[in-house]
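There are 2 protein chains.
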Amino acid sequence: MTEAEIAALVEEIAGQLFVPIEASGRHVHMTKEQAMALFGHPLTPKRPLSQPGQFLAQERVTVIGPKGELANVAVLGPERPEGQAEISLTDGKVLGIAPPIRQSGDVAGSPGAVLAGPLGRVKLPQGVIAAQRHIHLSPKDAEKFGVRDKQVVKLRTFSGRPLIFEDVLVRVREDFAAAVHLDYDEANACGFQPGDLGRIVL
Amino acid sequence: MTEAEIAALVEEIAGQLFVPIEASGRHVHMTKEQAMALFGHPLTPKRPLSQPGQFLAQERVTVIGPKGELANVAVLGPERPEGQAEISLTDGKVLGIAPPIRQSGDVAGSPGAVLAGPLGRVKLPQGVIAAQRHIHLSPKDAEKFGVRDKQVVKLRTFSGRPLIFEDVLVRVREDFAAAVHLDYDEANACGFQPGDLGRIVL
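Sequence lines, in order, name chains A and B.
When you read off a place in the first sequence, starting at 1, and then add 55, the result is the number in my numbering.
When you read off a place in the second sequence, starting at 1, and then add 55, the result is the number in my numbering.
Hint data in this document are derived by calculation from the structure and do not stem from the laboratory.
Among these hints, one or two may not hold up.
Using 27 Å as the maximum straight-line C-alpha spacing, the simulated DSSO-like pairs for lysine-lysine come out as follows [what the hints assert, rightly or not]:
no.	chain 1	residue 1	chain 2	residue 2
1	A	Lys101	B	Lys148
2	A	Lys148	A	Lys122
3	A	Lys178	A	Lys101
4	A	Lys148	A	Lys178
5	B	Lys101	B	Lys178
6	B	Lys101	A	Lys148
7	B	Lys101	B	Lys87
8	B	Lys148	A	Lys122
9	B	Lys178	B	Lys87
10	A	Lys122	B	Lys122
11	A	Lys199	A	Lys209
12	B	Lys148	B	Lys178
13	B	Lys209	B	Lys199
14	B	Lys195	B	Lys205
15	A	Lys209	B	Lys209
16	B	Lys122	A	Lys148
17	B	Lys148	A	Lys148
18	A	Lys209	A	Lys195
19	B	Lys122	B	Lys148
20	B	Lys122	B	Lys178
21	A	Lys87	A	Lys101
Covered, in the sense of this in silico footprint (three residues per stretch, anywhere, with C-beta under 8 Å from a C-beta of chain B), are these stretches of chain A [said to hold, decoys possible]:
no.	region
22	142 to 155
23	215 to 223
24	240 to 251
C-beta: ideal position from N, C-alpha, C; glycine also.
Pulled out of the complex, with its shape left as it was, chain A reads as follows:
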């Protein structure tokens, strides 16, 4: 085998065993109406994210809570039916908000906050959550790893400060690219560096 063939084989084997880890910084999702109120126009894509169709917007917002604010927060598109701010527990201390640990989109009864943009302010009556750590997989990936949608698994990180996350939610959808999503508290706790991998432990 040539070196290139060996490298390709190693990559293929790694893909059978590991899932790439990504650290999700704090970010906001919003409705088209909220984007219009804050910026005067819909969200403008800046660059695509690992999940197909999702993008980082050029626009940024300030998230304001009862105790403090977070400036220059990323906005992800496309627009959604309801606004949402995904923050870490560390961010929650800054804002004076204790976010519940939830799946993205599961915002019923969660605390609210105020979003500020260049054209004004918008009140989120609810939607401040800390995203439950999760793994995006396609149905083919899920089959490969022997897991199913909504299954809760453990994930061992191969990182500077290795640990085994429990309560990691598997999310399977045709258009998902294989990726573990951690927040920054979790990423720092395991000493994450870009390129680090995780392994699903059942």
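Keeping the supplied structure of chain A fixed, place chain B upon it in accordance with the hints.
Chain B alone, transformed into the frame defined by chain A:
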């Protein structure tokens, strides 16, 4: 058995199985000379810490790095032979310093920072570290848990977002009270609340 007897028994059994978890916020240790330069007097105890003889000082400092600063940082006493700032990786991002993961006191070759107090500034040529997660145990506790000084173990947290920390260092000393010490990144990653317990997994 009376309710009180049952409660006492449960507490005794829990003490055989679990170690209390404590979250260590960012803090600074300093020499007597540094305390004199910053405050004009040695450190003044405000309240004792869980480890015998250690105290939180009334004095506070600002830690200054190349990119930012952290105000109102706790100072722990008594004074030590060398200054040291124990911060989280999140704090490191604010300061613009990438702290190595080290045991307290192991500062050779680590980055430096500036400390500012009411009377002036002091340069730490080195000593900015992120404390390696660790467990304080007395020799009696260590025997009970079947571990020895400097052993590296796993620790399962019983907390809001349970996980299993790997690379947890056991430190045994006659005067240590049983306690797991995590930094705030780690505490938030496991959803720590005061009173949460951990279990050593070998």
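Structure-based check of all given hints:
| no. | hint | in the structure |
| --- | --- | --- |
| 1 | Lys101/A / Lys148/B | holds (24 Å) |
| 2 | Lys148/A / Lys122/A | holds (8 Å) |
| 3 | Lys178/A / Lys101/A | holds (25 Å) |
| 4 | Lys148/A / Lys178/A | holds (20 Å) |
| 5 | Lys101/B / Lys178/B | holds (25 Å) |
| 6 | Lys101/B / Lys148/A | holds (24 Å) |
| 7 | Lys101/B / Lys87/B | holds (17 Å) |
| 8 | Lys148/B / Lys122/A | holds (22 Å) |
| 9 | Lys178/B / Lys87/B | holds (14 Å) |
| 10 | Lys122/A / Lys122/B | holds (24 Å) |
| 11 | Lys199/A / Lys209/A | holds (16 Å) |
| 12 | Lys148/B / Lys178/B | holds (20 Å) |
| 13 | Lys209/B / Lys199/B | holds (16 Å) |
| 14 | Lys195/B / Lys205/B | holds (15 Å) |
| 15 | Lys209/A / Lys209/B | holds (15 Å) |
| 16 | Lys122/B / Lys148/A | holds (22 Å) |
| 17 | Lys148/B / Lys148/A | holds (17 Å) |
| 18 | Lys209/A / Lys195/A | holds (20 Å) |
| 19 | Lys122/B / Lys148/B | holds (8 Å) |
| 20 | Lys122/B / Lys178/B | holds (16 Å) |
| 21 | Lys87/A / Lys101/A | holds (17 Å) |
| 22 | 142 to 155 | holds (count 3) |
| 23 | 215 to 223 | holds (count 8) |
| 24 | 240 to 251 | holds (count 6) |
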